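Listed below are the residues making up each chain.
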Amino acid sequence: MKKLPVTPKEMEAIHPYIPEAFSKLEQGKISRREFLRLATLLGMHAGLATVIAACSSGGSNSSNNGNTVSNDNTSGQTTETTAPTTTSRIKRGGTWTCSMQLQLLDHPARLSWVEGANIVRQVCEYLTETGSDNITRPLLLDRWAASDDLLTWDLFLKRGIKFNNGDEFQADDVLFTFGEWLNEDIGSSMLGLLSYLDGTQSVEKIDDYQVRLHLNSPQVAVPENLFHYPAVILHRNFEGDIVRQPVGTGPFLLQEYAEAERAVFVRREDYWQNGEDGSPLPYLNQLIFVSTDKDAGVAALQSGQVDSLYDPRPGDWQALKDNPNLAVRSVGTAQSLILRMRVDLEPWNDNRVRTALKMCQDRARILQLAYFGEGDLSIDAHVAPIQPEYAEKPIPPYNPDGARALLEEYAAEKGISLPLRVTLATKNDQNEPEIAQTLKQLAEPAGFDITLDITEPNGYWARWTEVDLGITSWTHRPVAVMLLPLAYTREAIGNWNETRWVDDEFEAKLRQAQGTLDIEARRAIMSDIEDIMQERGPIGNSFWKSVWNITHRRFQNVQAHPTAYYLMADVWEDA
Amino acid sequence: MAAATSSPRTEQLSRLQRWGKTVRIIFESRVATVGLMMVLFWFLLGFISLVWTPYRPNFSDFEQNLRPNSTNWLGTDHLGRDILSRLMAGTQVILLKTRLPGDFPILGGKAIPGGVALWGVFGSLTLGSVLGLNAGYRSGWWDQIIMQLLDALIAFPQIVLYLVVIAALGQGDLVVILAITVTGAPGVARLVRSLTLDIKTRDYIRAAETRGESVWFIMFREILPNIRGPLLVDSMLRVGYAIFAIGTLGFLGIGLPPPDPDWGNMVNDARRNIFFNQWAVIPPSLAIATLVIGLNLFADGLREEINRYQK
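As given, the protein sequences belong to chains A and B, one line each in that order. Reading the first sequence from the start, the letters are residues 581 to 1155 in the numbering used here. Reading the second sequence from the start, the letters are residues 26 to 336 in the numbering used here.
Derived from the structure by calculation, the hints contain no laboratory data. Predicted model, so just to flag it, every value in this text is computed and none were measured. For each residue, glycine too, the CB sits at the ideal point set by N, CA and C.
Derived Cβ-Cβ restraints for the label pairs, each shown as a range:
#, chain 1, residue 1, chain 2, residue 2, range
1, A, K785, B, I184, 53 to 61 Å
2, B, D86, A, S997, 24 to 32 Å
3, B, E88, A, P999, 27 to 35 Å
4, B, E88, A, V823, 46 to 54 Å
No more than 27 Å apart at the CA atoms, straight line, and that leaves these computed lysine-lysine pairs for DSSO-like:
#, chain 1, residue 1, chain 2, residue 2
5, B, K135, A, K1020
6, A, K973, A, K604
7, A, K785, A, K742
8, B, K135, A, K994
Using the sequences and the hints given, assemble the complete structure.
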């Protein structure tokens, strides 16, 4: 072990639990990534936590950026970790062009799509940032500190950061932005996410550089919530339209935005972060987003008319992965296509039927057919291996005989004959139709006769909480305790609890997990939660998707982000 | 008197002779013959697929996106299904059978003979003929109201009408039939009306009116049989349009529900993977094209021969 830059006492001064976490790292009980997450969560500076983790002799070295880059000549099979850049190589200037749909933009708090957030995040910034490694670090915050009971969170702001209109970033801006999120008239999805705050009176300004949050229930995922995509910090005088008033602390200035056409950004000269060469970021002079559909985007990328394609589909990845001019970076995510059942409706109110359908998933086959094998197999719980509290469980096998036995028992009791006719609804957006068709085939021997009801995306989103049986896409959340309350609790009925599943033991465990800082303890609780979901839960989940960032090779420092975010401040062009 | 007591045998022969004459008309036109052969080829393939396909059309039995090879003559699709088997089975939905929804009275969940395209054209012919006959024969307000309504329908782009019907009623074979019926009926009604306006001035119509026949009798027993030639040709063309419509809806992902093969869906699925498997898009596209071209050639040839005989 190398010499530590801080003593255990100094660690304890930041938070009493940090020395214990470090001791677990030393013993190899937690990985370096988990230590980093925990230490930063408890208020330690990210840089310091990284140094301490590096000094440790224990823990697996999983604290790289989590990205792998496919070799252009090997069909994406061999991978290499992104090489660190050296200061001497970095070049400034250049233009990066990306194919991405450009939607109507107005109030950032109302953002509903990541595409819009990818525009806004070039101009505005978040208090925290969850990186490609799925670790959340302070961004506009200098640090945060949570009370032991996780009911009080102090947010300490960085000093000296200026908006692009020259005003200094201060607590008033944070208070104003929280006010926008918590204002029902604005209609921000942050309102639901911050349900542990009782309105703006829960947000207290201590001084110009410190804000205190008073929570009504313990919450461990506050830093992660502050990087939810609509959570950009707005200027205190923001009037509601980011295109007309593109004021923020971010690295670029919005020069032009035409919905469904293009967006142009130019470099900001006085950005607060410095690059590795000591001068202010960003390295690039200009960003251009061109609004095209995906197929046109693939063709444009192949012909060199654009340098990157937003959120490539598996087919796009397959088409582009062997292109020698392109670097394909992949990253595991907590994004999934969930097979969900309405437990308040027949036959899904019977756990035997739910279990039978779950047993019909040949997960490896579904992953291969729907996603070319590019993902991680999953258990039937909404907790992903990339999330820190995930407790590893064996992947359930494909078991049509077991499923048939359960269905026969159910049918005999109900006095009906097999096959059991059910309708599976979903949308033809990502690869849901492939999953649906494969599942229909796999479930036939078990006694299910599945009729497919596949509509265009808007048609499904208009009824996604209402259909009996459906496949719904869920996006990435850095921690499981951030997602589970949204979809599987009594409070969420009427909002995002599409299955109507409520389980007292599950909810009690979830509340316990939300208030548990110790990652090992939280993982033990999550193990029980996963068991409950597998035994009697309302969902089947075959795999977790990988996502790709496909960008021209001449651009460096590019990372694939689990939520397809474009973080462009330190990307540079090796022209 | 002798003519009135001709034997049934003589009548049967004359019917056979008439049928033979019709067949001769078709085969006298090279264009119609080629068209008929193309159409019959697909019918034949469809009938064969009812009892046999090389592999199970809906099952992922092979590796994904294979090019044509000795096992899979037309390759496999993105789910590892044999394209030839799916192409053959796809003929059924268009030409040979219509699947009824599970909650359909009595026949729920079963299939009835006649493909979606044929039933759709039959529906538009029936509805269009009723409306066109009434507008043309009754004239006056009937004509005004019916034609104004039909003009309003024709003013809509067909694809919009399809979308409206499917958005309102959901997916399924019957819904597609209804969509084809609604969009095709105005065109048929216009044709029938114009033919009726001509026919109703003939002496035998006057004679029927003088006999005191009802309006419905005159329309359906006197006029309709005498306009069947142009209607038959028009319906051939309409089957082609219907196949295109089914293909378009499938391509847009709002046509016949998967996994049963539908050529439009096959094109759409293949299009999504076209950058790395260009082959898969060709067989279903060619199938649609050849069937529609065949029907058009058949209709054109038939029209030419009928005109020649009438002259």
